[in-house]
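**Q** Chain by chain, the residues run as shown.
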Amino acid sequence: MIKIKNLSHIYNIPRRDPIIALKEINLEIERGEFLTIIGSNGSGKSTLARHINGLLLPTSGDVWVKGMNTKDRECLWKIRQEVGMVFQNPDNQIVATTVEDDIAFGLENMGIDRENMLERVNWALQVVGLEEYRRFEPHLLSGGQKQRVAIAGVIAMHPSFLILDEPTAMLDPRGRKEVIEVIKKLNQEEGITVIFITHLMEEVIESNRVVVLNKGEIALNGKPKDIFLKVDALRSFALDIPQITELAFRLNHKGLKNISPSTLKVEEMVEQLCLYV
Amino acid sequence: MFIRLENVNYTYNLNMPFETVALNNINLEIEKGEFIGLIGHTGCGKTTLIQHLNGLLTPTSGKVYIEGIDICQKGVNLKLIRQKIGLVFQYPENQLFEENIFEEIAFGPRKLGLTEEEIKKRVYEVLEMVDLDVSYTERSPFSLSGGEMRRIAIASILSLKPQMLVLDEPTANLDPQGRSKILSEIKNIHDHYGITILLVSHNMEKIAEMVERLLVMNKGKIILDGSPREIFSRHAEQLIDIGLGLPQVTQCFYELKKRGKSIKEGVLTVEEAEREVLKKIKALANNLQK
Amino acid sequence: MNIFRNISFGQYIPGNSLIHNFDPRVKILGCLLIIINLFLISQFWGFLILGVMVWSGIIISKIHPRFVFRGLRTIIYLILFTMLLHLFMTEGEVIFRIWIFKITKEGLINGLFIASRLFILILTTSLLTLTTSPISLTDGIERLLSYFKFIKLPAHEIAMMMTIALRFIPTLLEETEKIMKAQISRGADFESGNIVNRTKNLIPILVPLFVNAFRRADELAIAMEAKGYRGGEGRTHYRELQIHRKDILFFTIITALAIIVGILF
Ligand SMILES: Nc1ncnc2c1ncn2[C@@H]1O[C@H](COP(=O)(O)OP(=O)(O)OP(=O)(O)O)[C@@H](O)[C@H]1O
Ligand SMILES: Nc1ncnc2c1ncn2[C@@H]1O[C@H](COP(=O)(O)OP(=O)(O)OP(=O)(O)O)[C@@H](O)[C@H]1O
Ligand SMILES: [Mg+2]
Ligand SMILES: [Mg+2]
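Chains as they are written, first to last, in my numbering: chain A, 301 to 577; chain B, 28 to 317; chain C, 514 to 778.
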C-alpha cells in the first residue's frame with residue numbers, strides 16, 4: 301500500500317522563481333492495482349513518481365510505502381527495493397555491458413548471493429521474453445528490447461510496486477506494444493502493483509484507474525471509462541482522447557444512444573456499430 | 028522532376044561480417060510541392076533513405092538525382108543540395124548549441140555568407156513560420172520546453188530557405204498538444220510557403236489525416252506508394268499483415284466491412300467516419316419507410 | 514564510424530578455447546609478466562621464446578590471425594619509425610653507409626630489439642583483449658585491485674567507471690555521428706578551412722555532445738540510485754571468478770618460463 305498525504309514539492313532554482321511542481325497531492329494506491337498517471341509535459345508526473353521511492357523528498361506532506369515514511373533514512377533502501385522504477389530513456393538506465401549483467405545490477409546492490417541471483421535473473425529474462433538475448437550488448441538491442449531489459453532489471457529485485465515513467469515515450473508502436481504486454485503480464489500474473497505514467501491516451505485502456513495531473517494537481521481520478529467521458533476537460537489539460545472514443549462520443553451526441561460514449565477499443569465499437577449499419 | 032531515386036541500394040558495413048542491407052532497390056520520384064508521409068517499422072530503413080536525399084549517405088549502388096543532377100558524382104556542390112533539401116533529424120533539440128536563439132537560427136545563414144541585415148530578416152521570418160515571437164531571440168535555447176526547442180531546431184533548418192523539408196519523426200516524445208502544434212505548423216509551412224514536405228512518422232492517425240501521398244516501407248523496400256485513402260482501403264490487409272496496422276477509425280470500418288456490412292472503406296478521419304455512419308443510418312431508415 | 518555499432522570495444526571475439534576460459538586475473542597477470550620480461554631481456558633468444566609462447570597462445574585460442582594483425586596495422590608505422598630511428602641514430606661500429614646515413618652494428622641490434630619488443634607487446638595485449646570480454650576484464654581488474662585495499666585503493670569505483678565507460682562508448686560514438694550529420698544538414702562544414710576554422714567548427718559538435726553526456730550521466734545516476742546502488746560496500750557479484758586447476762597450472766608455467774627467460778637472457 302502506498303499512501304500520499306498533502307504532498308507538495310517546490311524546486312528552488314538559484315536566481316529564478318521557485319517552481320511549484322506538486323500541490324497538495326492526496327493519493328492512495330492499493331495492492332494489485334494498475335494505476336495510470338497521465339498529464340501533459342511539465343504537469344509533475346515524474347516529480348510525483350520520484351517521491352514514491354524516495355528519490356525526491358517532500359517539501360511538505362508525507363509519502364508512506366507499506367507504512368514506511370520516505371523521509372525516514374533508515375527505511376530508504378528497503379523502500380527502493382519495494383518500489384522499482386523504470387525511466388523514459390532506455391539508453392540512460394542500462395549500466396552494465398551485457399543484458400544479464402545489467403539485470404543482476406540491482407541484485408548485486410542488494411547483496412543477494414550468487415545462487416539466488418542466477419535464479420532471479422533467469423526468471424526475469426523469461427518474464428520479459430528476452431532469454432535468447434542474455435549475452436547481448438545493450439547497444440545492439442531495439443528500443444523496446446532495451447526497455448524490457450530495464451524492466452527485467454527492476455523486477456528481479458522482487459518489488460511489490462513498479463513505477464514506469466513514460467517507458468514508451470521514445471518507442472515506436474511495436475516497441476510500445478511489447479512493453480505494454482509485459483507490464484500487463486506483470487500486473488496480472490505476478491501480482492505486481494503497477495504505476496504507469498504516460499501521455500498517450502491509447503495506453504490508458506489497460507488500467508483499473510487513471511489519475512490525471514494538471515499543473516501539479518490531481519485534476520481527475522477514476523476509471524478509464526469515466527475519465528474519457530470528460531472530453532473537454534481532458535482537452536483543456538492538453539491531453540487527447542483516442543480516435544475511436546471521439547467517434548463514439550460524437551455519435552452518441554448525434555442520438556445514437558446504443559453507442560456508449562466511453563467506448564475504448566475498436567472491437568467494442570465494431571460490435572456497437574453492427575447494431576446500426 | 029524534383030527528386031528521383033533510381034535502383035538505390037544501401038548496405039551498412041559492406042563486405043564485413045556484420046553487414047546490414049538497409050535499402051533494397053528503391054525507386055522513387057518526388058515532385059515539387061508534394062506533401063508526403065513515410066511510414067514503416069523500426070529498422071525498415073526510413074532514416075537511411077532520407078539521408079540519401081541530401082547526400083549524407085551515398086548509395087552502394089543506384090543513382091540519386093536532385094533537379095536532374097546526379098548528386099553522387101564527383102564535384103557536385105553538396106552544400107547547395109543540403110541547402111535545398113533541409114533535413115531535420117529525430118530529436119533535433121539535441122543539436123542546439125548556441126548561446127541564444129537568434130544565433131542558433133542564424134547558424135545556417137551565416138555559413139551561407141549572407142549579410143547581417145539579411146540574416147536578421149531570415150531569423151524573424153522563420154520564427155514566424157514556427158509560430159514563435161521575436162521576444163524569443165534573446166533566450167537561451169536550453170531554457171525552453173521540449174516542444175519549443177524542437178520548433179527552434181526546425182526553424183534553424185528553415186532559415187536555409189530549403190525547397191524541401193524532410194522531418195524524421197518530429198513529434199516523438201511530445202505531449203498531445205505539442206504534437207498537434209508541430210504538425211499544424213508543418214502543414215502551414217507546406218500550404219503557405221509551398222515547401223515540399225516529407226514526413227517520417229509512426230503516428231498512423233495523424234499521417235492519414237495530413238498527407239497527400241503515403242509511402243510504406245518494409246525491410247528496406249518501398250512496398251506501397253499512393254494516396255492514404257487508396258492505401259488504407261485497397262491494401263489494408265497488407266498493412267495488417269506486416270504489423271503496421273491502420274488508424275483506429277479506418278480499422279473499425281475495415282472490420283465492419285469484413286463482417287459483410289456494406290460501408291465505405293479507407294475512411295481516414297473521425298469526421299468522415301461520423302458522416303459515413305450517419306449517412307448509412309439515414310439510408311437504412313429511408314429503405315425501411317419504403 | 515559505422516563499424517563501432519557492431520563491434521564491441523576492445524575487439525573481443527567470443528570463443529570457447531582454453532585461453533578464453535582461463536580466469537581473467539590469471540590472464541592479466543600472465544600478460545604483465547610477459548611484458549615485464551620483454552623489457553628485462555637483452556638477447557635475441559629471449560624474444561624468440563617469448564614470441565613463440567605468445568604465438569602458441571594465439572593458435573590455441575583459435576582466433577584468426579587476421580584479427581591479430583588488424584590490431585597491429587595501426588601501430589606498425591610506429592614500430593617501423595622507432596626501429597629506423599634506432600637504426601640510424603646509434604653510434605658504434607659502422608657496417609654500412611648510404612649518403613650521409615650510417616648504419617652501425619649496435620644500431621641494427623637496437624632497432625631489431627625495439628621492434629620485437631613492441632611487436633610482441635602488441636601481440637600479447639591483443640591476445641588478452643581478443644579472448645577476454647570487456648566485462649570479465651573489468652571484473653579481473655577489480656578483483657586484482659581489491660588485493661590492494663589495504664592502501665585504500667578504490668577498486669570497486671575504478672571498475673565501475675570502466676564498466677560505464679565501456680557501456681557508453683558505442684552510444685557516444687553513435688551520437689557523435691548523428692550530431693555531425695545534423696550539423697552538416699544545418700550548413701556546417703567540417704572538411705574545408707584552415708586549422709583555426711576547423712577547430713572552431715568543432716563547437717557545434719562538442720557542445721551538444723557534452724550537454725547530452727551530462728544529461729545522460731544525470732539520468733544514469735538516478736537510475737542507479739533507484740536500483741539501490743550505494744558504492745561497493747556489501748555488494749555481491751553476479752560474475753563469479755574461480756581459480757581452477759588449469760588456471761594454477763597455466764600461471765605456474767608462465768611464471769616459470771618468465772623466470773627462466775628473464776634469468777637466462
Ligand atoms: N530538477 C528540476 N529542477 C527544476 N525544475 C524542475 C526539475 N525537474 C522538473 N522541474 C519542473 O517541475 C515541473 C514538473 O516537472 P516534471 O518533470 O515532474 O513533469 P512531467 O509531468 O514529468 O513532464 P514530462 O511529460 O515532460 O516528463 C516542470 O515545470 C519542470 O520544469
Ligand atoms: N550507422 C549504422 N551502422 C550499421 N547499421 C545501421 C546503421 N544505421 C542503421 N543501421 C541498420 O540499418 C537498418 C535500417 O535502419 P534505419 O535507421 O534506416 O531504420 P528506420 O526505419 O529509420 O528505423 P526507426 O524507425 O527505428 O528510426 C537497421 O537494420 C539498422 O540496424
Ligand atoms: Mg517526466
Ligand atoms: Mg529512424
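To be clear, the hints were calculated from the coordinates, so they are not data collected in a lab. A quick note: this is a predicted structure, and the numbers were derived from the prediction, not measured. Possibly wrong hints are sitting among the right ones.
Calculated pairs, DMTMM-like style, for lysine to aspartate or glutamate (alpha carbon to alpha carbon, straight line, at most 20 Å) [unchecked claim]:
#: 1; chain 1: A; residue 1: Lys378; chain 2: C; residue 2: Glu606
#: 2; chain 1: B; residue 1: Lys284; chain 2: A; residue 2: Glu568
#: 3; chain 1: A; residue 1: Lys515; chain 2: B; residue 2: Glu301
#: 4; chain 1: B; residue 1: Lys248; chain 2: A; residue 2: Asp472
#: 5; chain 1: A; residue 1: Lys557; chain 2: B; residue 2: Glu301
**Q** Determine for every hint whether it applies to the structure shown.
**A** Here is what the structure says about each hint:
Restraint check for Lys378/A and Glu606/C: not satisfied, since their Cα atoms lie roughly 76 Å apart, outside the 20 Å limit. Using a Cα cut-off of 20 Å, the hinted pair Lys284/B and Glu568/A holds, with the two alpha carbons roughly 15 Å apart. Pair hint Lys515/A plus Glu301/B does not hold up; C-alpha atoms about 34 Å apart against a cutoff of 20 Å. Of the supplied pair hints, the one linking Lys248/B and Asp472/A holds, its CA atoms being roughly 19 Å apart against a limit of 20 Å.
Between Lys557/A and Glu301/B the CA atoms are separated by roughly 14 Å; this keeps the pair inside 20 Å, and the hint holds.
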